[in-house]
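Student: Single-letter residue listing:
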Amino acid sequence: MKKLDKKINRREFVRLSALGAGAAILAACAPKAVETATSLPAAQPTAVPATQAAAASAPTALPAATAAPVAAQQATTITWESWGGADRFTPFIQTFGKTYPDTAKWLTIKAVSGGAQDADMYQQLRVAMAAGGEELPDIFEANLSAVPEFAARGLLPDLSEKMKPFLADLVPGALKVASYKGKIVAIPSQVKSKVWYYRKDLFQNAGIDPAAIKTFDDLIAAGKGFHEKNPDSYIMNLSSQPAAYWYAEILSTWDDVSFADETGKWLVKDNAHVSTMMDWMKQIIDVGIAYKTDDWSSDWQPAVAAGKIGSFLIGSWMTSFIPQFAPDQKDKWGLALWPDFMREGSEAGGSIEGISSFSKNMDAAFEFCSDFWLKPEGAVAWWQLTGLAPVTQSGQDALLKQIPTMQKPADMKDSDWAVAPINYYGKDFMNTIFESMKHVKVFPYDMSFSAELPILQHHTEAYIAGKETLAQALEGTQTDMQSQIGNPYKI
Amino acid sequence: MTVTISMSADKTGIKSQNKLRKKMRGDSLVPYLFISPFLIFFLGLFLGPAFYSLYLSFFRYAGYGASTWVGLGNYLAVLEYPVFWTEIWNTVFYWFAHAVPMMVVAFGLAVLVNSKLVRFKNIFKPLIFMPQIIATVVAALVFQNFFGTQYGILNRILGTEIPWLTDMNLARWVIVALLIWRGLGYWFVIFLAGLTSINPEVMEAATIDGVSVWQRLAYVTIPLMRSSLLFAFVVDGIVTMRLFAEPNVLVGKAGALASVEVAPVVNLVIENIRSARFGMAAATGWSLFILIAAISWFQFRLFQQEEDK
Amino acid sequence: MTASIRKLSESNSKPRWSNIVSKVLTYLVLIGVGILSIYPMIIMVINSFKSDQEMYVNPAGLPIRWTLESYGKIFQYHNGLWINLINAIIISLISTVVAVFLCAMAAYAFAKYRFWGRNALFALLLATFMIPPEIIIPGQYILFARLHWINTLQIQILPTITPVLGLFFIRQYMIGIPNEILEAARVDGAGHFETFIKIMLPVSSPVLGAYAILQFLSVWNAYTWPVLVATKAAVQPIMVVLPQMVDPIVGFLPVWGTIMAGATLATLPILIVFIVFQDKFMSSVVVGAVKE
Numbered sequence: 000m001k002k003l004d005k006k007i008n009r010r011e012f013v014r015l016s017a018l019g020a021g022a023a024i025l026a027a028c029a030p031k032a033v034e035t036a037t038s039l040p041a042a043q044p045t046a047v048p049a050t051q052a053a054a055a056s057a058p059t060a061l062p063a064a065t066a067a068p069v070a071a072q073q074a075t076t077i078t079w080e081s082w083g084g085a086d087r088f089t090p091f092i093q094t095f096g097k098t099y100p101d102t103a104k105w106l107t108i109k110a111v112s113g114g115a116q117d118a119d120m121y122q123q124l125r126v127a128m129a130a131g132g133e134e135l136p137d138i139f140e141a142n143l144s145a146v147p148e149f150a151a152r153g154l155l156p157d158l159s160e161k162m163k164p165f166l167a168d169l170v171p172g173a174l175k176v177a178s179y180k181g182k183i184v185a186i187p188s189q190v191k192s193k194v195w196y197y198r199k200d201l202f203q204n205a206g207i208d209p210a211a212i213k214t215f216d217d218l219i220a221a222g223k224g225f226h227e228k229n230p231d232s233y234i235m236n237l238s239s240q241p242a243a244y245w246y247a248e249i250l251s252t253w254d255d256v257s258f259a260d261e262t263g264k265w266l267v268k269d270n271a272h273v274s275t276m277m278d279w280m281k282q283i284i285d286v287g288i289a290y291k292t293d294d295w296s297s298d299w300q301p302a303v304a305a306g307k308i309g310s311f312l313i314g315s316w317m318t319s320f321i322p323q324f325a326p327d328q329k330d331k332w333g334l335a336l337w338p339d340f341m342r343e344g345s346e347a348g349g350s351i352e353g354i355s356s357f358s359k360n361m362d363a364a365f366e367f368c369s370d371f372w373l374k375p376e377g378a379v380a381w382w383q384l385t386g387l388a389p390v391t392q393s394g395q396d397a398l399l400k401q402i403p404t405m406q407k408p409a410d411m412k413d414s415d416w417a418v419a420p421i422n423y424y425g426k427d428f429m430n431t432i433f434e435s436m437k438h439v440k441v442f443p444y445d446m447s448f449s450a451e452l453p454i455l456q457h458h459t460e461a462y463i464a465g466k467e468t469l470a471q472a473l474e475g476t477q478t479d480m481q482s483q484i485g486n487p488y489k490i
Numbered sequence: 000m001t002v003t004i005s006m007s008a009d010k011t012g013i014k015s016q017n018k019l020r021k022k023m024r025g026d027s028l029v030p031y032l033f034i035s036p037f038l039i040f041f042l043g044l045f046l047g048p049a050f051y052s053l054y055l056s057f058f059r060y061a062g063y064g065a066s067t068w069v070g071l072g073n074y075l076a077v078l079e080y081p082v083f084w085t086e087i088w089n090t091v092f093y094w095f096a097h098a099v100p101m102m103v104v105a106f107g108l109a110v111l112v113n114s115k116l117v118r119f120k121n122i123f124k125p126l127i128f129m130p131q132i133i134a135t136v137v138a139a140l141v142f143q144n145f146f147g148t149q150y151g152i153l154n155r156i157l158g159t160e161i162p163w164l165t166d167m168n169l170a171r172w173v174i175v176a177l178l179i180w181r182g183l184g185y186w187f188v189i190f191l192a193g194l195t196s197i198n199p200e201v202m203e204a205a206t207i208d209g210v211s212v213w214q215r216l217a218y219v220t221i222p223l224m225r226s227s228l229l230f231a232f233v234v235d236g237i238v239t240m241r242l243f244a245e246p247n248v249l250v251g252k253a254g255a256l257a258s259v260e261v262a263p264v265v266n267l268v269i270e271n272i273r274s275a276r277f278g279m280a281a282a283t284g285w286s287l288f289i290l291i292a293a294i295s296w297f298q299f300r301l302f303q304q305e306e307d308k
Numbered sequence: 000m001t002a003s004i005r006k007l008s009e010s011n012s013k014p015r016w017s018n019i020v021s022k023v024l025t026y027l028v029l030i031g032v033g034i035l036s037i038y039p040m041i042i043m044v045i046n047s048f049k050s051d052q053e054m055y056v057n058p059a060g061l062p063i064r065w066t067l068e069s070y071g072k073i074f075q076y077h078n079g080l081w082i083n084l085i086n087a088i089i090i091s092l093i094s095t096v097v098a099v100f101l102c103a104m105a106a107y108a109f110a111k112y113r114f115w116g117r118n119a120l121f122a123l124l125l126a127t128f129m130i131p132p133e134i135i136i137p138g139q140y141i142l143f144a145r146l147h148w149i150n151t152l153q154i155q156i157l158p159t160i161t162p163v164l165g166l167f168f169i170r171q172y173m174i175g176i177p178n179e180i181l182e183a184a185r186v187d188g189a190g191h192f193e194t195f196i197k198i199m200l201p202v203s204s205p206v207l208g209a210y211a212i213l214q215f216l217s218v219w220n221a222y223t224w225p226v227l228v229a230t231k232a233a234v235q236p237i238m239v240v241l242p243q244m245v246d247p248i249v250g251f252l253p254v255w256g257t258i259m260a261g262a263t264l265a266t267l268p269i270l271i272v273f274i275v276f277q278d279k280f281m282s283s284v285v286v287g288a289v290k291e
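Top to bottom, those sequences are chains A, B and C. According to numbering that gives the first Met the number 0, the residues represented by the first sequence are 0 to 490, in order. According to numbering that gives the first Met the number 0, the residues represented by the second sequence are 0 to 308, in order. According to numbering that gives the first Met the number 0, the residues represented by the third sequence are 0 to 291, in order.
Calculated from the structure, these hints are not laboratory results. Don't be surprised by glycine CBs; every beta carbon is placed ideally from N, CA and C. A few of these clues could be false.
[Unchecked claim] Some residues of chain C that are not near chain B, with every Cβ distance over 12 Å (derived):
no.: 1; residue: Tyr26
no.: 2; residue: Ala59
no.: 3; residue: Trp65
no.: 4; residue: Tyr70
no.: 5; residue: Gly71
no.: 6; residue: Phe74
no.: 7; residue: Gln75
no.: 8; residue: Ile89
no.: 9; residue: Leu92
no.: 10; residue: Pro205
no.: 11; residue: Gly208
no.: 12; residue: Gln243
no.: 13; residue: Asp246
no.: 14; residue: Leu252
[As the list claims (entries may be wrong)] In silico BS3-like pairs for lysine-lysine, Cα to Cα no more than 25 Å straight-line:
no.: 15; chain 1: A; residue 1: Lys400; chain 2: A; residue 2: Lys97
no.: 16; chain 1: A; residue 1: Lys223; chain 2: A; residue 2: Lys281
no.: 17; chain 1: B; residue 1: Lys120; chain 2: C; residue 2: Lys111
no.: 18; chain 1: C; residue 1: Lys231; chain 2: A; residue 2: Lys109
no.: 19; chain 1: A; residue 1: Lys466; chain 2: A; residue 2: Lys489
no.: 20; chain 1: A; residue 1: Lys281; chain 2: A; residue 2: Lys228
no.: 21; chain 1: A; residue 1: Lys268; chain 2: A; residue 2: Lys281
no.: 22; chain 1: A; residue 1: Lys329; chain 2: A; residue 2: Lys412
no.: 23; chain 1: A; residue 1: Lys359; chain 2: A; residue 2: Lys400
no.: 24; chain 1: A; residue 1: Lys180; chain 2: A; residue 2: Lys161
no.: 25; chain 1: B; residue 1: Lys120; chain 2: C; residue 2: Lys22
no.: 26; chain 1: C; residue 1: Lys231; chain 2: A; residue 2: Lys359
no.: 27; chain 1: B; residue 1: Lys124; chain 2: C; residue 2: Lys279
no.: 28; chain 1: A; residue 1: Lys291; chain 2: A; residue 2: Lys268
no.: 29; chain 1: A; residue 1: Lys213; chain 2: A; residue 2: Lys281
no.: 30; chain 1: A; residue 1: Lys329; chain 2: A; residue 2: Lys161
no.: 31; chain 1: B; residue 1: Lys124; chain 2: C; residue 2: Lys22
no.: 32; chain 1: A; residue 1: Lys180; chain 2: A; residue 2: Lys440
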């Protein structure tokens, strides 16, 4: 070892350790992993037993939209986020391209999945806002239940001006779904009416007519009879942890169901409707008329395919899922309105496509949304993909005109046609859906619904499991909401 | 540190005196220089955020926009929240339910493997340790596949449809099983090392005097290992307070959180963050800390007692 | 004396019945535990050779149809699960190297130098060991968010690079290194840093290697923090992705074949390293824990 002067050594040491620290910092600040373009892979055969085909991309029988020629725009890419599998969007985006080829020339849409359920996606959005808003998509789908929260948080801009030309055309309910405090804050894409999907053959076998069920007791009796005559089957499914949308579906039947008033006073404990809802759920499970599996659990779809579930009291969005779950039950499913005693209301009111206030491409995003959901050509194309009714009158009229003449398009695969709703249910299914939209009532969500719901669920589930009495469950719900949320109208 | 002054330095003259003084002052900076990278990162990445979390816990804050002072409001809300206490109970349950059998079995295995009865130590040792190599998440996923209701391996073998993971009363025991399965190897190896470190003469003495195996175990081995056992149990407890991956990956659906009935306390922290309630999340975390501090204090006292013996 | 020796030799030469029984029982127990230990791994590997569809039909047995399909799906899922594997490797490696270096430097100072505040500072650092990282997550999240570092690799590395545990382990070991070696180097005129690099590090390599293993495994295993801050596929490590792998269309059905294939790929390298370096792995667990 050379004899080195200590002074130089110290300098050297400082230099070296600075280098070391610097290297550490550099290593830490390594450039982000190269983002591979999230290009959508070609639709693949899915990995589900009792095969289901991918949602078909049904090219419309309509001529391409004759919109006023769009001025040549700069190539723009927008991100569109929803929940569920991202591959689900592929046919949607392709169809949009076919319906509006001029727009598709400059507009590219990238699909992003925010998680398995809507609640997961909302979490992503909240956390992305805390991270400064960069991670937010341009467009995100959301259920009405989330609109007050995101509007209050400033994530949804005021679109009243942009929406003016379309206002007169919206069906009743659609406007409600997209509004917050008198302003229009999103594009309504779905009005989720309550639809009763049922196995015609199994109901006939048990001698049940859906229209004849008028009271809760009628439903219970029907359920018992159903299981007797169809021993391998149950009239519906409901687990001891009911899906989140059940709560709103039932509660929206009535008018005075706010959890709290604007001053922050909680009203849950003494609300007869809340206790009725809890009670109904418990009875359905205790009596044993329901197949005990959660919606969206990994057991659910196989149960449907195996014929264990005889009907769904659910929202109109289910139209496109049943064919995918059970393609070989074509023509066996019918649609009806919910039983009279819970006919009114909706499942979370509806969905919107929200344009993020942070988006750098708001105009392009609005164009995409209004094309797809507010213009009749797009609305009909959307319907062909998803079975979801148009939210505009012109869309509904255009659809009604077309339905009688609809055939399998020449370039559609047989397997895709087999699960196309119009083929699967028969040509008149839309009549029921339009009818159901007339009974839509919207639950008065406040901006803390996402915190209220788990508390409500927790106590309802405890009541169902017998761990709490009804009084305790109501009391507990109110107490917890009070202590954990405070005033639900404040963020 | 002994300052080794180079013998070749010129000691005469003021210049060299100054040089020497400078060197000594310069030298006394050295340890600080060695520590500073660690310390700087530590302050910035750990202590800083820790204090910021503490600060946050007194506010209602969504991570952006306005924040509202609530004082101890968050803490009160946490302590009033039945879900918090359910999850604390769950976490403590997981600690005891897995640690007790695991320590007993790990210790027993260590005794067996250490004993003269067994050859092939070098095969059994890595075999028993192997689960530690498997990542937590991977282990939880394999268990999920094994205990699935409709498509699980165990149910297929038994021909049943037992809802191992959907009935929360069963699910909590599956979680315990996972914790035991994975943790066994770790403590086994530690106990084994502890056993081999026991003075062999002590063991021989016990053997020659005609003492039976069981008696030797009870009166010699265990007392000697007592402090290690207690220490291990409490350390395991502190680690278990941080439990998150196992219950959620095992019972939660595709990345979602597990239901409250089987959730550990950390779930509440994460849930609050996902609901953009950072103040509440921080308060929950610090409430958990108080619990951990209590356990650590208890461990410290225990250790002192053992040391004193 | 002779009596007891005779007794000893007697008891050793006659194979007593209970001796054999205990031996057999012991081996049975050990073999049983051994099988239980590796059974899940065997399941994982066997199931990785089944297709996703088959996993819903035949989860328990040997594959009806052995296939590499699930491994193939890895390249399609999220545009390539191997990116996630690489992310995990990068994160764990960088974290290990940086952490070991930082800890070694600081441990050296605490072990071999006397300076004002040494003991107090060390005690303080040890005290922070009681604070579990989960508590800090809210504060960390916001801090990193302000830096726009959400969904990056560095946000997953940085919180792991100052492990007090490592500092503790390494210092313990370094205390035991005789000072003469260091002084000899200093006498020869080596600077402080040079002494550290050329003498201390090599001499400490057993503990450094041992701790490196612990650190690597700990970061490789990490879940709580990464799952919160890494939501984009490009930066997610494999451990975050595996539980979220569901059917791309339906969106709620796990694709078990692909999951098992991914899990096998994530496990195999470490398993191989373990088999080769068994003793190092197991002694790393013991280092510092039993040594008193």
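Student: Now tell me, hint by hint, if it's right for this structure.
Tutor: Quick rundown of the hints versus the structure:
1. For Tyr26 of chain C, the condition that its CB be more than 12 Å from all CB atoms of chain B is violated, with the nearest at approximately 7 Å.
2. Not every beta carbon of chain B lies more than 12 Å from that of Ala59 of chain C, the smallest distance being close to 4 Å; the non-interface claim is violated.
3. Interface exclusion of Trp65 of chain C from chain B stands, the closest Cβ pair being 18 Å apart, more than 12 Å.
4. With a least CB separation of 16 Å from chain B, Tyr70 of chain C remains clear of the 12 Å interface cut-off, as annotated.
5. Every CB of chain B is more than 12 Å from the CB of Gly71 of chain C (nearest about 19 Å), matching its label as outside the interface.
6. Its beta-carbon lying about 20 Å from the closest one in chain B, Phe74 of chain C satisfies the requirement of being farther than 12 Å from that chain.
7. The Cβ of Gln75 of chain C sits about 18 Å from the closest Cβ of chain B, beyond the 12 Å cut-off, so the non-interface label holds.
8. With a minimum CB-CB distance of about 16 Å to chain B, Ile89 of chain C clears the 12 Å threshold, and the non-interface call stands.
9. With a cut of 12 Å on Cβ distances, Leu92 of chain C stays outside the contact zone with chain B, its closest approach being about 16 Å.
10. Its beta-carbon lying about 15 Å from the closest one in chain B, Pro205 of chain C satisfies the requirement of being farther than 12 Å from that chain.
11. The Cβ of Gly208 of chain C sits about 17 Å from the closest Cβ of chain B, beyond the 12 Å cut-off, so the non-interface label holds.
12. The claim that Gln243 of chain C is not at the interface with chain B is violated, since a C-beta of that chain comes within 12 Å of its own (minimum 4 Å).
13. With a least CB separation of 10 Å from chain B, Asp246 of chain C falls inside the 12 Å interface cut-off, contrary to its annotation.
14. Not every C-beta of chain B lies more than 12 Å from that of Leu252 of chain C, the closest at about 8 Å, which undercuts listing it as non-interface.
15. Restraint check: the Cα-Cα separation between Lys400 of chain A and Lys97 of chain A comes to about 21 Å, which is no more than 25 Å; the hinted pair holds.
16. Distance hint between Lys223 of chain A and Lys281 of chain A is fulfilled; the C-alpha atoms sit about 15 Å from each other, no more than 25 Å.
17. With a C-alpha separation of about 38 Å, the suggested pairing of Lys120 of chain B with Lys111 of chain C is violated against the 25 Å cut-off.
18. Restraint check: the Cα-Cα separation between Lys231 of chain C and Lys109 of chain A comes to about 14 Å, which is no more than 25 Å; the hinted pair holds.
19. For a cut-off of 25 Å, the pair hint linking Lys466 of chain A to Lys489 of chain A is broken: about 32 Å separates their Cα positions.
20. Simply put, Lys281 of chain A and Lys228 of chain A have alpha-carbon atoms about 23 Å apart, close enough for the 25 Å limit, and the pair holds.
21. This hinted pair checks out: Lys268 of chain A and Lys281 of chain A have alpha carbons roughly 18 Å apart, not beyond 25 Å.
22. For a cut-off of 25 Å, the pair hint linking Lys329 of chain A to Lys412 of chain A stands: about 16 Å separates their Cα positions.
23. Pair hint Lys359 of chain A plus Lys400 of chain A does not hold up; C-alpha atoms about 39 Å apart against a cutoff of 25 Å.
24. A threshold of 25 Å between alpha carbons decides the hint, and for Lys180 of chain A with Lys161 of chain A the separation of about 17 Å falls inside it, so the pair holds.
25. Under the criterion of a C-alpha separation no larger than 25 Å, the hint pairing Lys120 of chain B with Lys22 of chain C is consistent with the structure, at around 14 Å.
26. At roughly 20 Å between alpha-carbon atoms, Lys231 of chain C and Lys359 of chain A fall within 25 Å of each other, so this suggested pair holds.
27. Restraint check for Lys124 of chain B and Lys279 of chain C: the C-alpha separation of about 13 Å stays at or below 25 Å, so the hint holds.
28. For the proposed pair Lys291 of chain A and Lys268 of chain A, the alpha carbon gap of about 28 Å is over 25 Å, so the pair is violated.
29. With a C-alpha separation of about 19 Å, the suggested pairing of Lys213 of chain A with Lys281 of chain A holds against the 25 Å cut-off.
30. With a C-alpha separation of about 42 Å, the suggested pairing of Lys329 of chain A with Lys161 of chain A is violated against the 25 Å cut-off.
31. For a cut-off of 25 Å, the pair hint linking Lys124 of chain B to Lys22 of chain C stands: about 17 Å separates their Cα positions.
32. At roughly 17 Å between alpha-carbon atoms, Lys180 of chain A and Lys440 of chain A fall within 25 Å of each other, so this suggested pair holds.
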